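Keeping their order, the protein sequence lines are chains G and R. Numbering follows our numbering, with no gaps: position 237 of the first sequence is 237. Numbering follows our numbering, with no gaps: position 134 of the second sequence is 134.
Just so you know, the hints here were simulated from the structure itself, not pulled from any lab data. One thing to keep in mind: the hints can contain errors.
[Unchecked claim] Label pairs and their calculated CB-CB ranges: (1) G:Lys77 x R:Ser29: 29 to 35 Å; (2) R:Glu85 x G:Glu295: 44 to 50 Å; (3) G:Asn320 x R:Glu85: 39 to 45 Å; (4) R:Ser38 x G:Lys77: 37 to 43 Å; (5) R:Lys108 x G:Arg108: 31 to 37 Å; (6) R:Gly47 x G:Ser164: 17 to 23 Å; (7) G:Arg155 x R:Leu36: 18 to 24 Å; (8) R:Leu36 x G:Gly179: 32 to 38 Å; (9) G:Asp205 x R:Glu37: 25 to 31 Å; (10) G:Tyr176 x R:Gly42: 28 to 34 Å; (11) G:Glu103 x R:Lys41: 48 to 54 Å; (12) R:Ser111 x G:Asp165: 34 to 40 Å; (13) G:Arg108 x R:Arg107: 53 to 59 Å.
Being a predicted model, the structure only gives us computed values, none of them experimental. Just so it is clear, CB atoms sit at the ideal spot from N, CA and C, and this is done for glycine as well.
So the chains spell out like this:
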Amino acid sequence: MTRKPTYEDREQRIRILEEESIKSEQREEVPQYVARFTRRSFLTRAACLGGGLLVSQSPLSGLAQSKLQTLPAPEMKPDLVAVKGKDPYGSTLRAIQELGGIETFMHRGDRVGILVNSPFKNIGASVNPDVALAVIEKCIEAGAKEIRYLKDPHRGYWERSPKSDKLAAVLKVLKYESGKHVKVQIPGGLSLKDAQVTKDLRDCDVFINISITKHHEGVLYSGALKNMMGLCAFSTNSYFHLGTLKLGWFKDLDHLSQCIADLNLVRKPNLCISDATTFITENGPYGPGKLASSETVVASTNSVSLDAFCCTFLGLQPENVLMIDKASRHGLGEMKRDRIRIKSLAV
Amino acid sequence: MTLSILLSLVSVFFPPIFCQAEEPQTKGSLLQLLPLESDLKGWKLDGEPQTAEGIRLFELINGGAEEYVKEGFSTAVIATYRNNEGKRINLDIYEMLSPENAKNIHRKKASDKGQKVSVGEEAALEDYYLNFRKGPYQVTLSGYDTQRKTLEWLLLIGRLVAERIR
Chain G
1 MTRKPTYEDR EQRIRILEEE SIKSEQREEV PQYVARFTRR SFLTRAACLG GGLLVSQSPL
61 SGLAQSKLQT LPAPEMKPDL VAVKGKDPYG STLRAIQELG GIETFMHRGD RVGILVNSPF
121 KNIGASVNPD VALAVIEKCI EAGAKEIRYL KDPHRGYWER SPKSDKLAAV LKVLKYESGK
181 HVKVQIPGGL SLKDAQVTKD LRDCDVFINI SITKHHEGVL YSGALKNMMG LCAFSTNSYF
241 HLGTLKLGWF KDLDHLSQCI ADLNLVRKPN LCISDATTFI TENGPYGPGK LASSETVVAS
301 TNSVSLDAFC CTFLGLQPEN VLMIDKASRH GLGEMKRDRI RIKSLAV
Chain R
1 MTLSILLSLV SVFFPPIFCQ AEEPQTKGSL LQLLPLESDL KGWKLDGEPQ TAEGIRLFEL
61 INGGAEEYVK EGFSTAVIAT YRNNEGKRIN LDIYEMLSPE NAKNIHRKKA SDKGQKVSVG
121 EEAALEDYYL NFRKGPYQVT LSGYDTQRKT LEWLLLIGRL VAERIR
C-alpha cells in the first residue's frame, strides 16, 4: 500500500522549489519559469490553475471545501468540461467557454505555446486539426502576441481540416518550434532528475496542452500527461523508453510511467484539451488501428483529472494507468472522479 | 543517464540494431520498394519519403517505434501518395532483421478480424488500412476513409510493393 502525499510533503516540495529558484538565478540553463517560482507564486498558480486540488488534499481541505460549498452552485466553475457533438471545432469552443473563456487562461499580449499531439499521420492517432484550430483562433481573438508550436505537426496535418477557409489566417500566425532545447532540473522527480525540454516552453507565458485520447501499447493510454514527452529532446525520450535496463528491453513500465509523471512537474499547463472525438483503440500510439468515436472534446485546467476522465473512453480506470496514479501521487492533480467537478453537455 | 551511456549499453545487448555497415545501400534498396508514380495513375509522392535506421525510428514515428525496435528492426521508409482529388494514402515499409521478426510484428499489427486478401503474405484489410508481410518486410498502408475506392487503391499500391520485394 502506498502512502498518500501529506501536507508536509507538499511543504517540503515547495521549499525545494524555492531553494531551486534561488540557485537557478545563477544557472543559465534553468528556465525562467522555474526561476520565477516563489512560495507565493507557486501557491497562487496552483490555486489559480484549478490546483485548488493541492489545497484540497491538505489538512486545510476541510476549511477550503467548506468555503467552496458555501458558494452558490452556479458560481462554481467546473474542473473539467466534456462536450459531445458532431463538430469537434464547435465542441472545443464550447468547452473553453464553459471553463470560463480563453481570457481565464491568458491576457492580451501573452506569448502562447501550444503542444498539439500531431506527429502521426494515421487517422485517430493525432489531434483532429479542428480542435487545435478552435484553440488557436480563440488565442488570436484574445490578443495573443505570439502563438508557437512546442512541437511541430507532421507534414499535411492541417490539410485534414475541412475548415480550410479558416486556415490561411491561422497558419500565418503560427510559429514553428525553435528546435532548441534547454536542460531543466526536476527537483521532485523520482526517476527523472532533469530533462532536455524545448526552449520555447520557457519562453511562453501561457502553455496549452492539446492531446488526443488514444491507445498506447506501452502505458495503455495516451493523453495529456503522455503528451508532455513531445516537449523533450530525443535523448530524454530515449531514456524514458529504454528504461534503466534493469528489467530488460522495454519491460520497465514503472520507469516509463514515473518519468512521465516526473516530467509533468516541469510545468503545469494553463489549459488542457483532449480530443476524444475519433481515436485508435489498438496499435497506439502510431496506428493504424480500430477506431472508436466518442464525439467528445474534454477541457480542464488539470492534466491528471483530464486523463483520469478520458482514459475511461478506452474502458480503463485511472487507478490502472500507472502514469496517472504516479502523477497524482506527485500532487499534480485529482484522479478520483467523484472529487472532480465535471460538467458534461451535448451540443 | 545520458543517452550515450544508454546507447552503448544497448549496443552491447542488441548489436544488430547498431550494425548498419552499408547504410547508403540499405536506404537505397528500401526506396526501390516504393511504387513508381508512373504505375499509379493520378497519384504522386507527397513530399520526400522519410527513412530511419535502428533506434532512429523513434525520431520518425516517436512512440510507435517501440514495438518494431523490440521485435528486431532494421530500417524503414515512410511515404505518402496523393491523388488529383487531394486524397492521401500512407505507406510504411519496415525491414526487420529476419522474416521471423517480420512475422511477429505483423501479427501484432494486423488484427485477426481483418479481411484476408491476396497481397504478399498474411495480408489483412481492415476498415481503412492494410497490413501484409513478405520476407523480412512488414508493410502497412492506410487511408483516411472507408470508401471502396480507397480500399482498392490500398490493395493496388500494396500489390505493387509486394511485387518489388524479391
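(request) Look at the Cβ atoms of Ser111 (chain R) and Asp165 (chain G) and judge whether their distance stays inside 34 to 40 Å. (result) Since the Cβ atoms of Ser111 (chain R) and Asp165 (chain G) sit about 38 Å apart, the hinted range of 34 to 40 Å holds.
(request) Can you let me know if the beta-carbon spacing of Lys77 (chain G) and Ser29 (chain R) is within 29 to 35 Å? (result) Once the Cβ atoms are compared, 59 Å apart, the range 29 to 35 Å for Ser29 (chain R) and Lys77 (chain G) is violated.
(message) Taking 37 to 43 Å as the stated bounds, is the beta-carbon spacing between Ser38 (chain R) and Lys77 (chain G) within them?
(response) Since the Cβ atoms of Ser38 (chain R) and Lys77 (chain G) sit about 60 Å apart, the hinted range of 37 to 43 Å is violated.
(message) Tell me if the beta carbons of Tyr176 (chain G) and Gly42 (chain R) are separated by a distance inside 28 to 34 Å.
(response) The hint (28 to 34 Å, Cβ to Cβ) holds, given that Tyr176 (chain G) and Gly42 (chain R) are roughly 32 Å apart.
(message) Can you tell me whether the CB distance of Gly47 (chain R) to Ser164 (chain G) sits inside 17 to 23 Å?
(response) 19 Å, holds
(request) Take a look at whether the Cβ-Cβ distance between Arg108 (chain G) and Arg107 (chain R) falls inside 53 to 59 Å. (result) 55 Å, holds
(request) Using the Cβ atoms, figure out if Lys108 (chain R) sits within 31 to 37 Å of Arg108 (chain G). (result) 50 Å, violated
(message) Is 32 to 38 Å respected by the C-beta to C-beta distance linking Leu36 (chain R) and Gly179 (chain G)?
(response) 34 Å, holds
(request) Take a look at whether the Cβ-Cβ distance between Glu85 (chain R) and Glu295 (chain G) falls inside 44 to 50 Å. (result) Violated, since Glu85 (chain R) and Glu295 (chain G) (Cβ atoms, about 26 Å apart) do not stay within the stated range.
(message) Holds or violated: the 48 to 54 Å window for the beta-carbon distance between Glu103 (chain G) and Lys41 (chain R)?
(response) With Cβ atoms ~52 Å apart, the hint holds.
(message) A range of 25 to 31 Å was offered for this pair. Does it hold for the Cβ distance of Asp205 (chain G) and Glu37 (chain R)?
(response) Violated: the Cβ-Cβ distance is about 47 Å, outside 25 to 31 Å.
(message) Quick check on a hinted range of 39 to 45 Å for Asn320 (chain G) and Glu85 (chain R), using CB atoms only.
(response) 44 Å, holds
The structure fails to meet hints 1, 2, 4, 5, 9 from the earlier list, while all remaining hints are met.
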